[in-house]
Amino acid sequence: MAEYSFLSLLRNALSGNEDWKPAWRKPDPRPSYDVIVIGGGGHGLSTAYYLAKEHGITNVAVLEKGYLGSGNVGRNTTIVRSNYLLPDNIRFYEHSMKLWENLSHDLNYNVMFSQRGVLNLAHTPAQMDEHARRGNAMRHEGGDAVLLGREEVARMVPGLDMSASARFPVLGGLLQPRAGTARHDAVAWGYARGADRRGVDILENCEVTGFLREGERVVGVTTTRGEIRAKKVAVAVAGSTGRVMKLAGIDNLPIESHVLQAFVSESLKPLINQVVTFGGGHLYVSQSDKGGLVFGGDLDGYNTYAQRGNLPLVEEVMSELLAMFPNLARVRLLRSWGGVMDMSMDGSPIITPGPLPGMFLNCGWCYGGFKATPASGWCFAHTIARGEAHPLNAAFTLDRFARGILIDEKGQGATPKWH
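Numbering (our numbering), first residue to last: 1 to 419.
Honestly, the hints are just simulated from the structure, not real lab data.
Do not take every clue at face value.
Result set (SDA-like, lysine to any residue): computed pairs, CA atoms no more than 25 Å apart in a straight line [stated by the list, open to error]:
id, residue 1, residue 2
1, 410, 253
2, 231, 394
3, 417, 404
4, 417, 70
5, 410, 177
6, 269, 392
7, 53, 25
8, 98, 151
9, 410, 313
10, 53, 313
11, 26, 316
12, 269, 133
13, 98, 133
14, 290, 102
15, 26, 151
16, 269, 28
17, 410, 280
18, 410, 185
19, 410, 226
20, 246, 216
21, 231, 102
22, 98, 140
23, 26, 58
Work the whole structure out from these sequences, hints included.
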């Protein structure tokens, strides 16, 4: 398969880039595997990669209903951070951050991870106190956090409206310097290539239509490309979790599917060097390498499996962006898209064995799916290989909702669309 180095780039440049080898194979399904991973997004591909790399399990198939990367891994705002408050989340996302920091080297594929920093703005004294609390929690668990005053924010983000007459005057902010962005499709391609090189079969246009059972145990799946059996079946399909799990007879999961829109503007000269989030609402914005502003906000607020949103949310997101950057009022919107979020009842993920014997479940990522990609796959692979959770995902059980041991990062209670 394709190898990437300075010499390969030079050789292919001289040959008109016509001799590149495929980044991954296009195999036909085999009758059986040790592990089937349903979902060819970031979490499914990273799971397969770490199953092979960390646990030596290479007889693995990744099943993707469409083309690789057609789901949420290619429909997000590319933000990577670990600035959480609760210990279980901080430890998990900090592990993900450490994997991100070495990911391009590990995969021999440039995922364009840029540690430009994530800045959460504060507009009230209470928000400053809360940012101090969160920053202290992060540093207590080994993360990085810097509390900034108004003047420091003004120097860092010169395009921001720092006037006293601003509708939401900026008092300061919390910066995580190691956070940043990555190229979402490069992450999918890098993990796919890495898994393929270790013997994993990536089966595109292979939609799961049912589950094979022997008693209560799941022993395989039926697909649009035939029946495939496996010792273990792992589900990592993000917003489609409810539909896929219903095929196995599970229809009472503590998640809901919502659409989350994202937007890209026309290209501009460098204006925003960090990821900046709005403290007076829910808005996050960064500037891509091509100059476009990449930003998003809240969910559209209704249950759907459609990868598109509605206009009222577009208006809300634009108004919040202009509250921070009035100088962008005449900038044109280039495109938008929607990703289907699997919103859990407490806003935290589920990585667990079950709920049926022979099955493993990875879901409930809410807004945090992309940044969790490395740690999600790493922990899910451990859970599948060992049959039990790793300490990093031990709290992310499915039964925590029945037991009342919630991980409510935002403190919103059991209302998925509010997380």
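Status of the hints after comparison with the structure:
1. 410 / 253: holds (20 Å)
2. 231 / 394: holds (23 Å)
3. 417 / 404: Roughly 19 Å between the alpha carbons, so the hint for residue 417 and residue 404 holds.
4. 417 / 70: holds (23 Å)
5. 410 / 177: With a Cα-Cα distance of about 22 Å, the restraint between residue 410 and residue 177 holds, given a limit of 25 Å.
6. 269 / 392: Cα-Cα ~41 Å, so violated.
7. 53 / 25: holds (18 Å)
8. 98 / 151: violated (31 Å)
9. 410 / 313: Holds - the C-alpha atoms of residue 313 and residue 410 are around 21 Å apart, at most 25 Å.
10. 53 / 313: violated (42 Å)
11. 26 / 316: violated (43 Å)
12. 269 / 133: violated (35 Å)
13. 98 / 133: holds (23 Å)
14. 290 / 102: Between residue 290 and residue 102 the Cα gap is close to 24 Å, so the pair holds against 25 Å.
15. 26 / 151: The given pair, whose Cα atoms are some 55 Å apart, is violated under the 25 Å limit.
16. 269 / 28: Violated, at roughly 47 Å.
17. 410 / 280: holds (15 Å)
18. 410 / 185: violated (29 Å)
19. 410 / 226: Outside the cut-off at roughly 43 Å; violated.
20. 246 / 216: holds (15 Å)
21. 231 / 102: Violated, at roughly 32 Å.
22. 98 / 140: holds (16 Å)
23. 26 / 58: holds (16 Å)
Violated hints, in rising order: 6, 8, 10, 11, 12, 15, 16, 18, 19, 21; the structure is consistent with all others.
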